[in-house]
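Read top to bottom, the protein sequences are chains A and B. Number 294 marks the last residue of the first sequence (my numbering); no jumps. Number 1243 marks the last residue of the second sequence (my numbering); no jumps.
In short, the hints are calculated from the structure, not lab data. Virtual Cβ for every residue (Gly too), placed ideally from N, Cα, C. Errors might be hidden in some of the hints.
Residues from chain B shown here face chain A by an in silico Cβ test under 7 Å; the list is partial [what the hints assert, rightly or not]:
1) V1023
2) P1034
3) D1040
4) G1080
5) E1093
6) S1096
7) I1158
8) P1178
9) S1183
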Amino acid sequence: MFAFCIDPATLPQWQWFACYLTTPTHFAFYRSFLMVLLLLAITAPVALGMGLLGAMAVRSRIWPVSWLGKGYVNIVRGVPDIVFFMFVPIALGQGIEWVWHHIQCPDWDQPIRQGNDFIVCREAKIPGVNAPAWVRDVYAFGMAVIAFALVFGAFAANTLYGAMQAIPKAQIETAEAYGMTPAQTFRRIIMPQMWVYALPGLSNIWQILIKATPLLFLLGLQDAVYWARELGGQKTSLYTYPHPDWRVWYFLVLLCFYLFLTWISERSFARLNARLSRGQATAAGERMRKAAAA
Amino acid sequence: MKKTALTLTALAFMASGAMAQDVVRIGTEGAYPPWNFINDANEVVGYEIDLGNEICRRAGLTCEWVLNDWDTIIPNLVSGNYDVIMAGMSITEARSQVISFTTNYLPSDPSAYMALAGTDASVIEDGVIAVQSNTVQAGIVADGTADGLEFPTPDETISAVRNGEADAVLADKNFLQPYVDDSGGDLVFIGDDFYPGAGTGAGIRQSDDELRETFSSIIMEMREDGSINALIEEWFGDGIAKF
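Okay, chain B solo, but in the shape it has when bound (with noise of 0.2 Å):
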């Protein structure tokens, strides 16, 4: 199995020489700690940019980072404003019908509902529930019995909940955890966490097969010798599954 991955690399490293000058620019969002950010340093940072960079030096790629808000990051992909997508993209049927996906990046996340502390986990159910527009969890919400209310932003769900807009926020579990520990007991997860997704990955155009190879190999290279595990262990802590 390592022979093939490694084999598949030097194979991806000699088709992508044609390509090494070109830049390969990836499209993230910028908004969702610790996958994407811009911090105070006004740098972009991240999971997913330490990953990427990673990515790009092992194929000898340049690679450059585009901020794109998450309503547009697939018509922009495809219409070849940027080659790849790295924005905490679950992997999933209705998106690959549009862009295809790499090996995944982060297993399966954990999903979970935060809100405020006290509130009844029959809220769940019954109550008014924030989430990013365009996003797994806001098909969830669609298809529950609960009332979605939708944000262009993952930020702007939090105050909804804050502000007593929406009874809970569906969202990744990792992007709710550093809420829940700064904000003093005020803010909770309620429920039981679930795995909707089959992971992270990249999204690459579907016509675009050589540089999906390319990043899907290195990925497996990048889980196989442990550096992703490093990766993730970084960024994320313990409290995540790994590969």
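For reference, chain A alone in the conformation it holds in the complex (with noise of 0.2 Å):
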């Protein structure tokens, strides 16, 4: 990156380290960070609406709705994680394909399974057989975002379903003395008080969530965990920089990112919650009552 950093052998320490620090891969390390808050940034909305769907879907009163519902959550939170993504990327992938490969070649008369082969003609390979780099990894990137909200929205829609059923009744019982509609109560009265109810649980998941990001690694993509353990690990003089194993000093760099960002969302929590609170048939909400009027 530096005008110095063309013979690296004979640099002085803070010189090698400086070139060292702003090679191409070190600049891809940097990035991996950025990926990892995208992907939560994106994965925890989607995790949040399944998780909606989910709660809605296990207290419909059409049975295959909720069995539908209760199926998903019962199931996605037996399995650990990390069959999980290993699971979903192969098999919706290939489902995928296979659903494809039907449209486009409905002439095709090879067997798709040949041996251990899956082998689907070329216009029914997706992401296409031409398609860029980039088209791949944004379809793997997609596939993860895909894999953690399964998991993660079932876990969200177990707390939200709580928090619904946590609504005093007395004030569903009022709602609907009013000639409220089930709709309208939920509407109304469940879903803008249930959130204060939901909020531990949903931080619980959050933190959870970001713990669970060194998974992308498994999904092929070259997440912050891939990086730290390429750049660590010892390189001989085949590289430029040559140096011992230094995986230590990654990981710590890893640790710090992951207790920074838990630390910022546990206080972001906090205020959420004493934002919910405010007016709520709470504990909390008494307290602040009677802060008030103190």
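With the hints as a guide, dock the two chains, each given alone in a separate frame, to form the complex.
Shown next, in the form of structure tokens:
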């Protein structure tokens, strides 16, 4: 990056480090942190949406919908995350190609599964055979978002379901007495008030989601953990910047990054909780009323 | 012989004419210098990269490199995420049941034990040996009397020896050589070299006969015209068997 980086072997220490820390591989490492943040920013709302749909499905009075919701919540919560992260991209990827294959190539006469191989016609390949690398990266990233949203959506569904049940029964009866339909009761009474009950559970899920992002590595994406391991490993003189095993320092950076992220979130959730507790029939809401009166 | 090889190449050219516009995706690990690794400029480089690019140039194919970690490199080939594996993979019986291999592009590689200086060679029999999982060497240690300690990346096996977690590491000698050279005498080879594999080849789906023929015939051609030896010399230096 700097002009003096031409022959690193001869540089004094600080210049060597200045060059070393600005190699293209290090920039890829720095960018991978942004990827983690981007994943969180996309996955969290999607998972929350999945959770809301799941919770509403579980509460539904139409039994197939309710069964579907219960099935989703219980199956996904019961399977280890890591199994899900290995299963979703392969199964979903092959499933999409299988369907697309039947649409695109109805005349194909060879079997799709030949021994160990999974073969669809070239028109059915997704991403397309000539897709540039960035399309493939976006596709892999999309798979990651789906896998994360499915898993964390199930946990969020359970939390939101509990929160919906926690709304005092008296309020729902009052709503009925005012002549509101169940849908109106849900929209006007349950939805606005359930968040304060859901928040502690949701903040847990959020923290676990943050800590689960290194699983990206399993999905073939080069995330921060991949780069820390790659860059930290011992480099022989085949490399421009040979160094011994420095993984401990790289992992320390990761540790600080994740601690910082969870610390910030913890603070934000505390503020949000205070905001949502205002005027609520909860212990926190009661304390706020007393504090205001005193 | 040379003539047949040339005819085969010509046939392969014609056969591959239809797919010449397709991108052939080559999967590699990117963590196994000097076979394949990511250099400081964030490019995938190494012997196999140069070789693969030359094969593609001669075959008129457009090739693209894909990084994939070692443990899932075969499953991702058979499910179609890429078309070829060039990742220092030894041709073995067990792997040949799942994928097919081209003609080897490296002669049988020596394997060797590397340990901290002063380690007694008897650890090969009764010590703890670090290996990368799903490698030929992992199979050898599993069948032997020593305790095996498996790691997902080759780099971690070296660290295990350095920090005393393992007594020695068993790996391809040409992978270990730079570590021994750079260690200033801390790391040494112990025991004798041996030749466990049938050489290194490119892995291709069993149903992909056409691509395998193309690769094999060009590898044969390069073995005969000496260009493959020049590449081996460039990346591995003198201490390695050539064709």
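Taking each numbered hint in turn, which are not upheld by the structure, reported in ascending numerical order?
Hints 5, 6 and 9 not satisfied by this model.
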